[in-house]
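Asker: Protein chains in written order, with my numbering: chain C, 1 to 337; chain V, 1001 to 1553.
Note that these hints are calculated values from the structure, not bench results. Keep in mind that this is a model prediction, so the values were computed, not measured. Check before you lean on any hint, since a few could be wrong.
Below, a list of computed lysine to any residue pairs in the SDA-like style, where the Cα atoms sit at most 25 Å apart [claimed, not checked]: (1) V:Lys1018 with C:Arg166; (2) V:Lys1300 with V:Pro1112; (3) C:Lys268 with V:Gly1487; (4) V:Lys1018 with C:Ser250; (5) C:Lys268 with V:Ile1158; (6) V:Lys1300 with V:Arg1259; (7) V:Lys1305 with V:Ala1288; (8) C:Lys268 with V:Arg1143; (9) V:Lys1018 with C:Val132; (10) C:Lys268 with V:Arg1017; (11) V:Lys1193 with V:Ile1158; (12) C:Lys214 with C:Ser250.
Here are the simulated distance ranges between beta carbons [as the list claims (entries may be wrong)]: (13) C:Ala163 with V:Thr1184: 21 to 29 Å; (14) C:Ala163 with V:Thr1482: 51 to 59 Å; (15) C:Ala20 with V:Ala1071: 32 to 40 Å; (16) V:Gln1485 with C:Ala89: 53 to 61 Å; (17) V:Glu1484 with C:Ala163: 26 to 34 Å; (18) V:Trp1527 with C:Ala163: 44 to 52 Å; (19) C:Ala204 with V:Gly1192: 45 to 53 Å.
A few chain C residues facing chain V, derived, Cβ under 10 Å [said to hold, decoys possible]: (20) Arg30; (21) Pro31; (22) Arg34; (23) Glu152; (24) Ala155; (25) Arg160; (26) Leu162; (27) Arg167; (28) Ala213; (29) Lys214; (30) Asp218; (31) Lys268; (32) Gly269.
Idealized CB from N, CA, C, for every residue including glycine.
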Amino acid sequence: MRAAGVDQWLYPTPRGLYCAPAGVYIDPARPVERAIVTHGHSDHARPGNGAVLATAETIEIMKVRLGTEAAGRFEPAAYGATTNLDGVAVRLVPAGHVLGSAQVVLEWNGQRAVVSGDYKRSPDPTCAPFEVVPCDVFVTEATFALPVFRHEHAASEIARLLASMRRNPDRAHLVGAYGLGKCQRVIRLVREAGYDAPIYLHGAHLAITELYAKLGVDLGDCRAVPDDKSADLAGALVIGPPSAIADRWSRRFPDPVTAFASGWMRIKGRVRQSGVELPLVISDHADWPELISTILETSAEDVWVTHGREDALVYELTRRGLKARALALVGFDEEGE
Amino acid sequence: MEPFALLLDTLTTTPSRKGKLALLSEYFRAAPDPDRGYALAALTDGLFPRLPLRRSLATLLETRVDPVLYALSRDYVGDTAETVALLWPEPTDRPPPPRLSEVVTAIANAPPSEIAGTLGHLLDRLDTRGRWALLKLVGGAPRVGVSARLAKTALAEIRPDTAAHAVGVSDIEEIWHALEPPYTDLFLWLEGKAPRPDAGGKPVFRPLMLAHAIEEQDWASFAPEDFAAEWKWDGIRVQIAAHGGHVRIFSRTGDDISRSFPEIVSAFERHDVLADGELLVARRGVVAAFNDLQQRLNRKVVTGKMLKDHPAHVRLYDLLIVDGEDLRELSFRERRLRLEAWHSAHGPPLTDVSPLVPFETRAELDALWADAREASIEGLMLKRWTSPYLSGRPRGHWFKWKRAALTLDCVLMYAQRGSGKRSSYYSDYTFGVWREIENPEAATGPRGDIYPGHELVPVGKAYSGMTDAELIEIDRFVRNHTVEQFGPVRAVEPRLVLEVAFDAIFPSPRHKSGLAMRFPRIHRIRWDKPAVEADTLTAAQRLVANAANALAR
Ligand SMILES: [Zn+2]
Ligand SMILES: [Zn+2]
């Protein structure tokens, strides 16, 4: 029973998941002295912490999104490098979720726990692929933890987007995509599919996209949507926040085809709710088969399930003879997926 | 199957008529025969009779999916077919997907006891979208916002520009009923590779000539000697096509309703005609109330008792083709003579000829109209003596002059659960009339291609007037045609026409339509009437104006 007792040194608190011997919180919901941040999404990376340990990419992302003063001190750590925090060996390992995203590997007392943050297993040309780390306790997300969630191959969804653009050459295509990760992945995939015309971005997506390019992800010619209302964007590809697609902002485009790139687009009810014409099932989170196979691969005895649909995953893991429980963590909402 | 599944899936989220047409014609151009023909059948008349899926699916799932996970998933997704499509276990080595034609053959040939097994094997070979499309197919006509007419419009567009003649929708509709899935000859003709399929030997539908409601300006130029008058019977308009021993009875939209009226079919079996008339229930020459006819409509199985208790009758008023001779170019006067001559020589049983109503002056006509009290008479028809038989609704030829009852043909928009003993039925209805969309940007009415350029605007609510049997039928319609559900209210596809009667109609700034009705009730359900022919807001406003004039007088 190597997993027994891990919950004595790693446990949820009102401020977030706490590793007691190291005195460090992982993705804390409220400001703390010392934090480890798995990735730059807003429900994981928050401002006001004393010291933040994260990958260099995540730190750059936090600086762009939250300001250079977002933490008292930033401590960049390379993937795979071990940092000793009061006797706890801490290591960041790629999670495959977005650029810079990391799983946190914690070793203490001869036990190993992995806090995966958010992750996915399907290939993503904009970030390092997920690495399996065998462990005693695996803390997993559960955003898409229902067996109905099986994402499509992103490339075939991009092919549908490009087919629609060919079919409607006189209409702008407005793709709603979350600003950190999804937007750049869509751009990169569109480029890989051979589309090389300029891609237009909503103002909210500019800075992070520029940062991706600066950090070496080649995204081709990306520009701001011109302010000039008369600009002719018929036939263009435009990417913006999902909220802007259904908003006044979209009215400046001539007869646009609206799209939404998200794992939620798997469900027709959600498609109807979103009101978009072209749902694209592209997700940066593990789908059900990925969740199950990843958990089995870590050979963890005990699985802690956080934000998402814990009930189905806990049920399934228990059915397979694993120990599993829902971990009530504060501060996580349905991710802008 | 995959291209068809992609087509269905994409159609569900494509709001504009133009977008749907582009998708459909792209598919019809690219898909091979016979797949595209079966796709066409699925989108128009439906491919299979609705299969009792619920049990088959339950049996299938038991062996493959954990019941707890299924329940959690079904709760989240909200739709059984979609849940099954998403949950279906992915085989590690999926065999190649079946073509649509293979799916159709497999299901059509499976004995009832093996439907579930056949379905299971097909599901194993399909991806998520394919599974969803398959389950929608076997669950009845897939509702993806495409009318049969829109599908035929897209067909007309696949004709290459190099072809000698362009093809219109009515060219397709004329031969439609002589064709059968997978419509290979139709596609060859459309692509300019073969002549137009010959309807020879089979009776086909010719689009009907329809009347306009007569309006003030029509009376201004009305000359009594130019018009024949007939009673407007309170039945349903039918076209009877008899040729080579085959008989078809078509509704005004071209739906084949022959199966519901076998006695009429046999009455015409030895004839060769295309006739226009009113289908009624009549007992010893006395026309029964419309409700009696209602009992016979939409019946797949006709019992002997029904034939006896609700005998059908056709009152003929026009003859289009007789013994191969096309009369449609002739004037109404000549066709009328031919009809009378033919009927007195060969008149089939269960038919008669709608008598002309003689009149000399406008005053006489007014008196006839005002005195028409029989329940089976809805008013008068006025037909210009010199008019040829023109398909569609040409102006100035045929007029209908309805009795002065206050009714409007409205389209059902929303239904709400009732209270008390009706609490399990959708019994409270909100209905609307058509209004032209002035500002397409701000349009809020139901979208879709039912009536291009128009939207529905609600004009009232009613929860009475229908019989218990009708309540059950409307309830079934509501459940099968729901597009959205908010609490106890369902928004339905704008398809069902309700003839609404009311005591008064008056302007009301509080309502979106600017009108309100006093004591509206469901007068009749018009299953036979296409929604696009329901009344317009202009017609409703005219009733208000008329009422105001009547008071002033
Ligand atoms: Zn995230
Ligand atoms: Zn998250």
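Asker: Given the hinted pair lysine 1300 (chain V) and arginine 1259 (chain V), is their alpha-carbon gap at most 25 Å?
Answerer: Since the Cα atoms of lysine 1300 (chain V) and arginine 1259 (chain V) sit roughly 6 Å apart, the hinted pair holds (cutoff 25 Å).
Asker: If you take the shortest Cβ to Cβ gap from arginine 167 (chain C) to chain V, is it below 10 Å?
Answerer: It holds, given that the least Cβ distance between arginine 167 (chain C) and chain V is near 6 Å, below 10 Å.
Asker: Holds or violated: lysine 1300 (chain V) with proline 1112 (chain V), Cα cutoff 25 Å?
Answerer: Between lysine 1300 (chain V) and proline 1112 (chain V) the Cα gap is close to 19 Å, so the pair holds against 25 Å.
Asker: For the hint on glutamate 152 (chain C), just tell me whether its beta-carbon gets within less than 10 Å of chain V.
Answerer: At about 8 Å, which falls below the 10 Å cut-off, the nearest Cβ of chain V leaves the hint on glutamate 152 (chain C) intact, so it holds.
Asker: Can you tell me whether the CB distance of tryptophan 1527 (chain V) to alanine 163 (chain C) sits inside 44 to 52 Å?
Answerer: 39 Å Cβ-Cβ, so the 44 to 52 Å window is violated.
Asker: Minimum Cβ distance from glycine 269 (chain C) to chain V below 10 Å?
Answerer: Glycine 269 (chain C) check passes; min Cβ-Cβ to chain V is 5 Å, inside 10 Å.
Asker: For a C-alpha distance cap of 25 Å, please report whether lysine 1018 (chain V) and serine 250 (chain C) respect it.
Answerer: Measuring from Cα to Cα gives roughly 20 Å; hence the hint holds.
Asker: Taking the CB of alanine 204 (chain C) and the CB of glycine 1192 (chain V), does the distance hold inside 45 to 53 Å?
Answerer: Holds, at about 52 Å.
Asker: Would the hint on proline 31 (chain C) stand, with a C-beta cut-off of 10 Å toward chain V?
Answerer: violated, 35 Å
Asker: Should the interface hint for alanine 213 (chain C) be scored as holding, given a Cβ-Cβ cut-off of 10 Å against chain V?
Answerer: violated, 32 Å
Asker: Tell me if the straight-line CA distance from lysine 268 (chain C) to arginine 1017 (chain V) falls inside 25 Å.
Answerer: holds, 21 Å
Asker: Starting from the range 51 to 59 Å, see whether the pair alanine 163 (chain C) and threonine 1482 (chain V) falls in it by beta-carbon distance.
Answerer: violated, 30 Å
Checked against the numbered hints listed earlier, the structure breaks hints 5, 9, 12, 14, 18, 20, 21, 22, 24, 26, 28, 29, 30; every other hint is satisfied.
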